[in-house]
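These protein sequence lines map, in sequence, to chains D and A.
Numbered by our numbering, the letters in the first sequence go through residues 3 to 259 in order.
Numbered by our numbering, the letters in the second sequence go through residues 3 to 259 in order.
Be aware that a few hints might be false.
Treat identical chains as interchangeable: a pair holds within one or across any two.
To be verified - Pairs of lysine-lysine residues, derived as DSS-like cross-links and limited to a Cα-Cα distance of at most 30 Å, are as follows: (1) 190 with 158; (2) 8 with 150; (3) 254 with 190; (4) 201 with 221; (5) 190 with 252.
Hints were generated in silico from the structure; no laboratory data involved.
There are 2 protein chains.
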Amino acid sequence: MSENKKPLILITNDDGIYAKGINELIEGVRSLGEIVVIAPDGARSGMSSAITSLHPLRVNLIKEEKDLTLYSCTGTPVDCVKLGINEILDRKPDLVLSGINHGSNAAICVIYSGTIGAALEGCIFGIPSVGISLTDLSANADFSEAVKFGKLVAEKVLSEGLPQGICLNLNVPAIPQVNGLKICSQTKGYWAKEFQLAKDPSGKTVYWLTGEFLNEDPKNEHNDEWALSQGYASLVPLKIDMTAHSFLEKIKSWENS
Amino acid sequence: MSENKKPLILITNDDGIYAKGINELIEGVRSLGEIVVIAPDGARSGMSSAITSLHPLRVNLIKEEKDLTLYSCTGTPVDCVKLGINEILDRKPDLVLSGINHGSNAAICVIYSGTIGAALEGCIFGIPSVGISLTDLSANADFSEAVKFGKLVAEKVLSEGLPQGICLNLNVPAIPQVNGLKICSQTKGYWAKEFQLAKDPSGKTVYWLTGEFLNEDPKNEHNDEWALSQGYASLVPLKIDMTAHSFLEKIKSWENS
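Work out the full structure: start from the sequences and follow the hints.
See the structure below:
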């Protein structure tokens, strides 16, 4: 790989290396550079930025052809990015793409999403990074519009770069023809009615996580949920600095407590 | 519990319900209200805001006495907060405390930390929330200063509240006498040299996650790592809105691509 002058693109996801979404993304962006895929060996949805420290990780080479190498990994999406950058790749990637996720990662889902966790991780290493999601959970979803917008944003990022500490969250609505791209803010809201109770075979109560998203700001036309509801793909720039800078002064007096 | 007029405090952590840190915190803040603990049944370090959706969760009552109830849970720290608010508690908590973590959660660790994941989750539900960590990983660390500052911040938050969408990240240095409290920003930096390679019994390579933190802004006196290095407890307000608002205008033209 070391002599390759093409951009190096590291691809991962949280649905696992055999999911339709990541494979459609790989085909969609192959022409943009040398592709190395390091993705979980199975589903890691909802893994956020989780890392694995209590047991060791394994990496398996799945396929190797010209400008395309695929590895599976036993870890989380963030583990995949860390292993790629620290151990597998022989140069720093020019771009990290995570997805295409089966299901939306708009609004507060950025906090829980393994897809976004991986994009944040690329960003922490100073690499322009994009999380890409389609608002359709089904295994055989139609990813054609999501691939189109994913490729468009990947090309933009490869040519213009991104500032240090900022990555992108792209969500594409699951409709036959998307209206265009909207630059958005993260919608305020939370998940409610989150658990379905059931009994295990011995009669003990167990809790299945489920729920529905409650949009606390549904009429705000700057938000990603609004853009998606209007048939647009939403692009939200995310910061890895979580500091609430505007609030620092307000609690400065606590230093004297 | 329903007639209780005392503040209701939900406590969780990511080291598990039998860790020293959470038990010292419980004793330290017992006088502040009615305490309900819902914590993982074992170590969940580095779980970030991960949620469990592929298998069901279980909750076990461990202890019940006046104004103190303890449950263990098979899930992640965020699962514990969700189960508490959705299923276990009969009123909305006035405060969520997460910790005291065995080990620092300053700087970029906010992204990976299960302790902070739980605090962010309380915040998503509109509850004032604080993650508390001591910069000592050892199982029998001395938590007395961390309890002192944790209680101080808990009292401040109970009396003054926190704005919607903001929670607090308190880190306390592992020294016999802490100099005081500093209001800080999240230090810029990342983890490097992250993997230790080993062989499994059959001779195959495995990767253990380890590494060291690289501070990219070591001289900045506003940062949490600096405060900790000077013997202060650091308090960073964190936002759940991850939008890079200042960058929205810069990519607005991408809408016309």
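TODO: Could you tell me which of the numbered hints above are not met by this structure, giving the numbers in increasing order?
DONE: 4
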